[in-house]
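Visitor: For reference, the chains in residue letters:
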Amino acid sequence: MPTVYDVTTWSVPGNPGATPASDIGLVINSIIADIKSQQTNQASKPGAVIYIPPGDYSLKTRVNVDVSYLTIRGSGHGFTSSSIRYNAGNTSSWFEINPGGSRIRVENTDGRSEAFRVFRGGDPRLSSIVFENFCLDGVGFTGNQNSYRNGKTGILVDSANDAFRVQGMGMVYLERGLVVRDADALSVSGNFLAECGSCVELIGSGQATKVTDNLLGAGYVGFSIYAENHWGLLVAGNNIFPRGKSMVHFKATSRSSITANRFHAFYPGMIVCEGTCNENLITGNHFLRQVEPFIPLKPYNNGLDDLFGLVHVRGNGNSVMSNHFSYDVPSSAVSPAGRAPTIVLVASGQDNFIATNNTIASIPVKAVVLDASTIRTKVLDSATASQFEPLTTNHTFRPTP
Amino acid sequence: MPTVYDVTTWSVPGNPGATPASDIGLVINSIIADIKSQQTNQASKPGAVIYIPPGDYSLKTRVNVDVSYLTIRGSGHGFTSSSIRYNAGNTSSWFEINPGGSRIRVENTDGRSEAFRVFRGGDPRLSSIVFENFCLDGVGFTGNQNSYRNGKTGILVDSANDAFRVQGMGMVYLERGLVVRDADALSVSGNFLAECGSCVELIGSGQATKVTDNLLGAGYVGFSIYAENHWGLLVAGNNIFPRGKSMVHFKATSRSSITANRFHAFYPGMIVCEGTCNENLITGNHFLRQVEPFIPLKPYNNGLDDLFGLVHVRGNGNSVMSNHFSYDVPSSAVSPAGRAPTIVLVASGQDNFIATNNTIASIPVKAVVLDASTIRTKVLDSATASQFEPLTTNHTFRPTP
Amino acid sequence: MPTVYDVTTWSVPGNPGATPASDIGLVINSIIADIKSQQTNQASKPGAVIYIPPGDYSLKTRVNVDVSYLTIRGSGHGFTSSSIRYNAGNTSSWFEINPGGSRIRVENTDGRSEAFRVFRGGDPRLSSIVFENFCLDGVGFTGNQNSYRNGKTGILVDSANDAFRVQGMGMVYLERGLVVRDADALSVSGNFLAECGSCVELIGSGQATKVTDNLLGAGYVGFSIYAENHWGLLVAGNNIFPRGKSMVHFKATSRSSITANRFHAFYPGMIVCEGTCNENLITGNHFLRQVEPFIPLKPYNNGLDDLFGLVHVRGNGNSVMSNHFSYDVPSSAVSPAGRAPTIVLVASGQDNFIATNNTIASIPVKAVVLDASTIRTKVLDSATASQFEPLTTNHTFRPTP
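Residue numbers (the numbering used here), protein chains in the order written: chain Y, 1 to 401; chain U, 1 to 401; chain F, 1 to 401.
Just chain Y, with the same shape it has in the complex (with noise of 0.2 angstroms):
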């Protein structure tokens, strides 16, 4: 019994025309149909690697995976700047104008958004599926090629799911590159994602994940990073750029972590806490805000202006520690005009606890404001005491001296 498919030399039953260049999403559905109809065996079902050497595909089906352990692995993340040759003119005596590696164009022609869906019905839930080491490329937005919109999304893993990997893999010009439905431990490490509206959304709910070691850089549309109903969820050691309307977003999400990460966002927010996020610990990060400089981009931002906070603490007992902020906006910037713009800022709940953060910054700002519904904050060598604006007496404050 054959596990290990190439996707180039694949024969399609029943279509011996089919090409993993003109659909390798036709392509990889049938390998999957043959791994289902080899592993009948309730007992032993080892799943398969499907290889997808470098070269260039289109995908015009899309995949529907729904057996356990499957590897789908290329050789070659194949990332470049879309957005750099998109608004570089004329580009003819370039070397090359697109993304490579292992690199599938998504280019559904069956109404589908999706290049990969993951879906399962019934138990168990799906187990220890692997994306490695590919390319998803988007191709083109609609509209301009700034608008980080085509409707296209990489993958969707669409029903709960354990021990899934993504991992080395590149993303470039899809609205949404990676959607989580569900996760248990899950890791999403090494990958490189960036240039798309969003780069990874957890969505649903899930618990004890990690998103660590990454490059990701999202639209002024979406996310880098987005968590929803989260729990458990470990952001560490990834190098996150622009623009993003949020470096990280979470939803209602708690006691996770955001740890020794590196931000740079020309935005307001970018970490955002929405709804109640409870208990998380924000630590060891550098954050620097500059503003747009990229031509193209400058008519685009998120909406937020300067008073929302670099990062902005919604929920109770959360830990906001030991990170640098770095604030590099030019007055005439600044919006509203004339106002001191917010590092952090604690818009609602209790508890929350802001120590041994550093900001520097090219004009004056306020490095902690305290909204004033929120009670029992304590603000520990994180601001002078210019730098502090609590909106209400419910706090304890220490003052950087």
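One thing to keep in mind: the hints can contain errors.
Stretches of chain U that chain Y covers, calculated by requiring three or more beta carbons in the stretch to come under 8 angstroms of a beta carbon on chain Y [to be verified]:
| id | region |
| --- | --- |
| 1 | 47 to 55 |
| 2 | 259 to 272 |
| 3 | 300 to 311 |
These aren't lab readings, by the way, just hints derived from the structure by calculation. Using N, Cα and C, we set each Cβ at its ideal position, and we do this for glycine too.
Starting from the known structure of chain Y, fit chains U and F onto it as the hints suggest.
Guide: Chains U and F only, in chain Y's frame:
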């Protein structure tokens, strides 16, 4: 001289009926013998790759590894929860019931307890052996399926070693997963080791090792990470879930780091120092302590009471800084009844430094407790006055305001 | 169009006698020429994989890489300590004496000093080239085997580049290991680079790069990690052992992070800022300083005295927070004799922030020293009153109580 072997195509000399399905141990030992017979020049022994395609293999004979530069590699760690399955009742309608990927069932009939033993006497130490991306499955526990006992070990490295890598592996339902004696510059990264009695045990002694970016969860009988007589160990970026007697247990281990991890436990003793552990750094970690929610495992715990501390420090000059603790246990579940649980216990030693830690608790706790024997501990911004319990006056305390 | 090449099966056109054993550089250059001849469509140049099976290869001709999306991949970084072997005396009874895995001996006879040079002029920058999991062995140093000098470089990336990966590589006994000019979003992860004069040098300029999860140890003549004119660099989760003039040397590098690493050194100057380095974050690291214990290397050091600082800060607005320092040097080994060694020296600049660091030392030390030229440094909970030496009054100090 071929250096890439595939267990499914290798013919065991003199034993043509041997197959990896019936005994992959016998096959791999035969391949190793071939490598040794081919590589006899002291100046040129590059080693080899032994590839294990996805499939279901039984191991009845222990593999004995005694050549440097050997990579044993599969395509899929194949983890699925055997604990959920064994406790699920009727699983006849399930799609699959077992782990998968490149799955080796550890079913020794040779009187050995290990699937793999790495050992060589003489000089030099074995170097740069790699275990990568396959599954070691203990299949079942003895007594009952929640005992975490079956006498089975996945990998035992039993002599001094340098620059080994264990990466992308899956282990499940082994009493002991990975055990490494006398490690130098070992890398344990990107693994999924869970539902094992213990996951990673670094025994004997060791230095300059890293355990990073793993998903780990041991049983109540063992440790997620154990290290004895180590120094310069870096435990970083791991997501460690229950259960585990401890998430990290150090015995006489010093000058090591536990940083940027996420820890979740159902018992006290999440990080334990045994014997004298000096000058370790525990920083940037998120700790969550809850009570066991899974009915089949409610009868079990690690035997420690709530005065033991989530972090139990023994030794001198350790630093515990910038950690977040969430303690979410109903008062009815606290032991001894009526006592305030301990978050950080300095159980012995001098010159320990506890600074800028935040505790959020469902009931009143003692955030820092100092044993009567302790000397010159400094506790800064880690406990309010009422959360601090010094059983000695030989300390410095600055309460969290 | 095949895109997966194996150096052991490739026939060099017009040179049928060429083998990778005798000159792998010639073979790889021939493969690259083939890729270029096959991939001539500007819109579709996916690149290729060049596979190097485990084996012993000599490189006599420099490889010139000038195509994007090329992966050069082996099966085994093959590190072993050549330093131990060369200093061991009679090794005739040893099992093996050389590194292994996919091992390339760097033995240029072409007048070049690099094994691999990556360079392309014109547009766009080279993208997504990968070096993975093979060994570059300099074989021996010149003069004596402890000189760290032989003029050999492993990989030189010599033109601007984007999204490169260097992962799982081993390098040993090269004067310079990995040298990358003008990096954008480079990933250097999971490597074992040791016993090289310098390990990782990021030259020219660069941004948004990560050096994570590596085991590194340079010689006394060079740096484990060097970066000049970089910003947004993330150095995280590395275990860096001796020797290295510095573990991390920043020259005019700003807004970067050094976090969650473990550092071990035999000299002062573990982290050095040269020129003006601004707004960097150094947090969550463990530093251990001891004296050279290895007799053959006792004659050597980096020429710095103990007043230089384990961390030497030059520039403005840097944050040094939540680090642990272990200083274990006998007073007899301190230079200048009789002086108290410096842990953190702020050598120049303004608005540096040193907070919540802990030092454990075998002798009295100055935990923080401020140069007379420094302005507005804040030092909080990082030194007792007697451990603080401000050579200026222009500072804020809150002593560790």
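Visitor: For each hint, tell me whether it holds in the structure or not.
Guide: Quick rundown of the hints versus the structure:
1. 47 to 55: The restraint on the region 47 to 55 of chain U holds, since 3 of its residues have a Cβ under 8 angstroms from chain Y and three suffice.
2. 259 to 272: holds (count 5)
3. 300 to 311: violated (count 0)
The structure fails to meet hint 3 from the earlier list, while all remaining hints are met.
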